[in-house]
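Participant: So the sequences go chain by chain: A and B.
Using the numbering used here, the first residue of the first sequence is number 60, and each one after it goes up by one.
Using the numbering used here, the first residue of the second sequence is number 346, and each one after it goes up by one.
Quick caveat, the hints were computed from the structure, so don't treat them as lab data.
All values derive from a computational prediction rather than experimental measurement.
All C-beta atoms, glycine included, are put in the ideal place defined by N, C-alpha and C.
Hints are not guaranteed to be accurate.
Among the chain A residues that face chain B by a calculated CB cut under 10 Å, a handful are [claimed, not checked]: (1) Val94; (2) Arg98; (3) Thr99; (4) Ala392; (5) His393.
Listed here are the chains, written in short residue letters.
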Amino acid sequence: MIIPRLALRSLRNRRITALLTVLSITLSVVMLLGVEKIRTGAKTSFLNTIAGTDLIVGARAGDVQLLLYSVFRIGDATANISWQTVEDIRARPEVKWVVPISLGDSHRGFRVMGTSPEYFDHYRYRRNQPLEFSSGQRFDDLFEAVIGHKVARELGYQEGSQIVVAHGAGRVSLGADHGDKPFRVSGILKPTGTPVDRTVYLKMQAIEAIHVGWERGSAPRGTDIRSAQQVRQLDLAPKSATALYVGLKSRMMTFSLQRWVNTYSQEAISAILPGVAFAQLWKILGNVELALLAISAMVVVTALLGMVTSVLGSLNERRREMAILRSVGARPAHIFGLLISEAAALVVTGICLGIIVSFSILYFGRSMIEEQMGLALELKLATALEAKLLLAIFVGGMIASIVPAMRAYQLSLSDGLTIRT
Amino acid sequence: MPNAAAPADATAPADAAAADAAAAAAAAVSIKNLLFRFSNSNQSFALEIGSLTIEKGERVALVGPSGSGKSTLLGLICGVLTPNDGSIWVLGQQLENMSGRQRDRFRADTLGVIFQQLNLLPYLSVLDNVMLALEFSHQRRLSPSQKQEKARYLLECLGLGGAELAAQKASQLSVGQQQRVAAARAFVGTPPLIIADEPTSALDEDRQSEFLDLLFSQQRQTDATLLMVTHNNRLAARFDRVLNLTELCDLNITEGAGA
Chain A
60 MIIPRLALRS
70 LRNRRITALL
80 TVLSITLSVV
90 MLLGVEKIRT
100 GAKTSFLNTI
110 AGTDLIVGAR
120 AGDVQLLLYS
130 VFRIGDATAN
140 ISWQTVEDIR
150 ARPEVKWVVP
160 ISLGDSHRGF
170 RVMGTSPEYF
180 DHYRYRRNQP
190 LEFSSGQRFD
200 DLFEAVIGHK
210 VARELGYQEG
220 SQIVVAHGAG
230 RVSLGADHGD
240 KPFRVSGILK
250 PTGTPVDRTV
260 YLKMQAIEAI
270 HVGWERGSAP
280 RGTDIRSAQQ
290 VRQLDLAPKS
300 ATALYVGLKS
310 RMMTFSLQRW
320 VNTYSQEAIS
330 AILPGVAFAQ
340 LWKILGNVEL
350 ALLAISAMVV
360 VTALLGMVTS
370 VLGSLNERRR
380 EMAILRSVGA
390 RPAHIFGLLI
400 SEAAALVVTG
410 ICLGIIVSFS
420 ILYFGRSMIE
430 EQMGLALELK
440 LATALEAKLL
450 LAIFVGGMIA
460 SIVPAMRAYQ
470 LSLSDGLTIR
480 T
Chain B
346 MPNAAAPADA
356 TAPADAAAAD
366 AAAAAAAAVS
376 IKNLLFRFSN
386 SNQSFALEIG
396 SLTIEKGERV
406 ALVGPSGSGK
416 STLLGLICGV
426 LTPNDGSIWV
436 LGQQLENMSG
446 RQRDRFRADT
456 LGVIFQQLNL
466 LPYLSVLDNV
476 MLALEFSHQR
486 RLSPSQKQEK
496 ARYLLECLGL
506 GGAELAAQKA
516 SQLSVGQQQR
526 VAAARAFVGT
536 PPLIIADEPT
546 SALDEDRQSE
556 FLDLLFSQQR
566 QTDATLLMVT
576 HNNRLAARFD
586 RVLNLTELCD
596 LNITEGAGA
């Protein structure tokens with residue numbers, strides 16, 4: 060085939076322009092693929108933040124709000140649930156397990172969460188993956204804490220480190236802390252890419268213990284002060300919880316229990332299905348990601364337009380070349396084919412390089428991205444959607460290059476063998 | 346009017362017309378009552394030729410002042426331009442009855458073309474430039490090794506032997522060398538009609554004659570018909586016949602809008 064061969068030779072002859080065109084297509088492809096990878100990665104990471112929990116119960120509030128504070132520790136609960144209610148729910152026949160959580164305190168900017176040891180059995184993320192310890196184990200003693208991967212890394216904690224919990228959720232403790240009752244780190248969790256990484260876990264009883272004497276909302280004074288040793292002697296059974304993670308014996312029962320919770324008369328509580336609430340939340344966040352994808356699509360369009368512009372710009376100086384080809388018997392269709400082949404070579408090279416570059420970035424940067432952003436990206440050459448995007452770039456490039464090719468076709472028809480330069 | 350046939354023709358018996366057609370088919374080029382009009386916004390141009398015949402194997406120099414329509418005539422003979430009226434026979438084919446595609450194929454098969462200068466694709470090697478003439482033709486299509494052999498042979502005949510030179514980029518050659526490569530490309534695959542549009546005008550005096558010697562020697566070897574446009578009377582004198590386009594045709598050029 061003479062035409063593709065001529066196309067390659069002619070591109071090699073104009074290699075600087077060709078390289079720049081390929082480079083701009085490559086970069087736009089890398090950007091499009093990158094955004095798409097991060098978009099889908101963020102979505103799956105996000106939607107898989109919590110798994111295995113059938114219902115989340117909290118004080119009556121909007122679904123999204125309840126999800127935000129119970130799973131993402133963003134914002135606060137409007138009210139707590141009394142322990143009587145917790146027991147009532149635990150006693151329901153549909154219920155297999157209940158894990159209470161208690162929020163409100165913090166440690167140097169990381170939220171502190173009280174929970175029961177079963178939390179580490181039942182909490183699942185990313186397709187039913189259980190929590191694992193990178194060192195140590197779950198808390199056993201009252202004054203032991205389990206910390207997430209990020210907490211340990213950012214604050215430089217190891218198993219056995221001493222930590223002090225601050226009252227309230229602020230980054231700065233304003234002097235109101237639980238410094239008299241330090242905790243020993245008993246275990247550090249492996250990274251999960253979920254809010255778990257940024258959480259300090261205490262026993263439910265420990266939350267009660269550090270708040271002895273705080274019933275009026277401020278630090279205890281005088282006779283109200285109890286030492287850590289004295290506190291151990293007290294009844295520390297939890298009196299309330301912020302929210303409950305509930306596992307059911309059968310998923311079929313989800314709606315009946317939800318209805319029961321939502322009509323519970325003793326207290327204003329509501330139950331949400333995590334999946335449904337996540338989908339609602341994603342509808343809000345997902346638009347941002349789509350906008351990002353749209354922007355990178357624009358970048359691709361710009362790169363292709365750049366290619367068309369450079370080809371169009373070179374047409375005049377190539378009229379002699381076309382006349383020579385016509386003189387040896389090339390049809391105007393051959394001239395058209397030559398320009399289309401050149402564009403195809405540029406676009407295909409750009410796309411292939413783009414795939415290689417983005418895959419390399421993914422391959423070498425994956426662990427760093429997971430570490431830094433908590434985003435678990437799939438190591439895949441191209442998903443079905445990405446393949447469609449790449450095909451769209453190719454087709455778009457071909458369609459765009461019809462413009463200069465048509466122009467060349469017309470020029471070669473009107474010029475004939477006369478050389479105009 | 347060019348399309349109004351002469352009265353003698355109108356009353357001529359049918360077998361005389363058939364004899365005319367047979368004669369036209371036997372010639373290398375035969376033109377009858379040709380009219381070609383070209384007009385755009387600021388120029389209108391018309392070329393009329395009553396009758397022109399070039400026999401096979403003839404060497405013909407086409408002369409005439411600039412703008413007299415020499416290049417247009419060559420374009421018509423090459424089949425890249427189509428006449429508004431009249432007929433053009435080239436090597437037994439009636440061009441105006443062929444489709445554009447057929448004429449392109451016909452040109453690839455039977456014509457060798459040399460331009461004034463810069464005949465070569467700068468990004469191909471000398472050898473590839475010569476072989477380019479064989480790529481678009483079915484009749485001249487050969488196996489790759491045959492192509493190379495023919496191209497190398499012609500380069501050698503034209504004083505451009507040697508593998509090193511053949512592998513060079515066309516843009517690295519001198520103008521004289523480039524014209525000789527163009528001649529090699531025109532003759533490769535032995536097309537029966539060679540069209541040359543002022544191929545010597547970019548060369549100096551000595552080289553012009555030398556180049557014509559080369560053209561003639563190739564023409565003799567292949568028995569091709571040679572039609573060459575030139576401004577140089579000394580060169581034109583060496584041809585079998587000199588055609589002066591101004592004597593041959595009625596030419597109307599009007600410049601300026603609204604012509």
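Participant: Next item in the hint list is Ala392 (chain A). Is there a CB on chain B closer than 10 Å to its CB?
Facilitator: For Ala392 (chain A), the interface hint holds, since the closest Cβ of chain B sits about 8 Å away, which is under 10 Å.
Participant: Can Arg98 (chain A) be said to touch chain B, with a Cβ gap under 10 Å?
Facilitator: With a closest approach of 42 Å, the Arg98 (chain A) hint is violated.
Participant: Classify the hint on Val94 (chain A) as holds or violated, based on whether any CB of chain B lies nearer than 10 Å to its CB.
Facilitator: violated (38 Å)
Participant: Does the nearest C-beta of chain B fall within a distance shorter than 10 Å of the C-beta of Thr99 (chain A)?
Facilitator: violated (43 Å)
Participant: Would you settle whether the hint for His393 (chain A) is holds or violated, based on the nearest Cβ-Cβ distance to chain B being less than 10 Å?
Facilitator: holds (7 Å)
Hints 1, 2, 3 from the earlier list are contradicted by this structure; the remaining hints agree with it.
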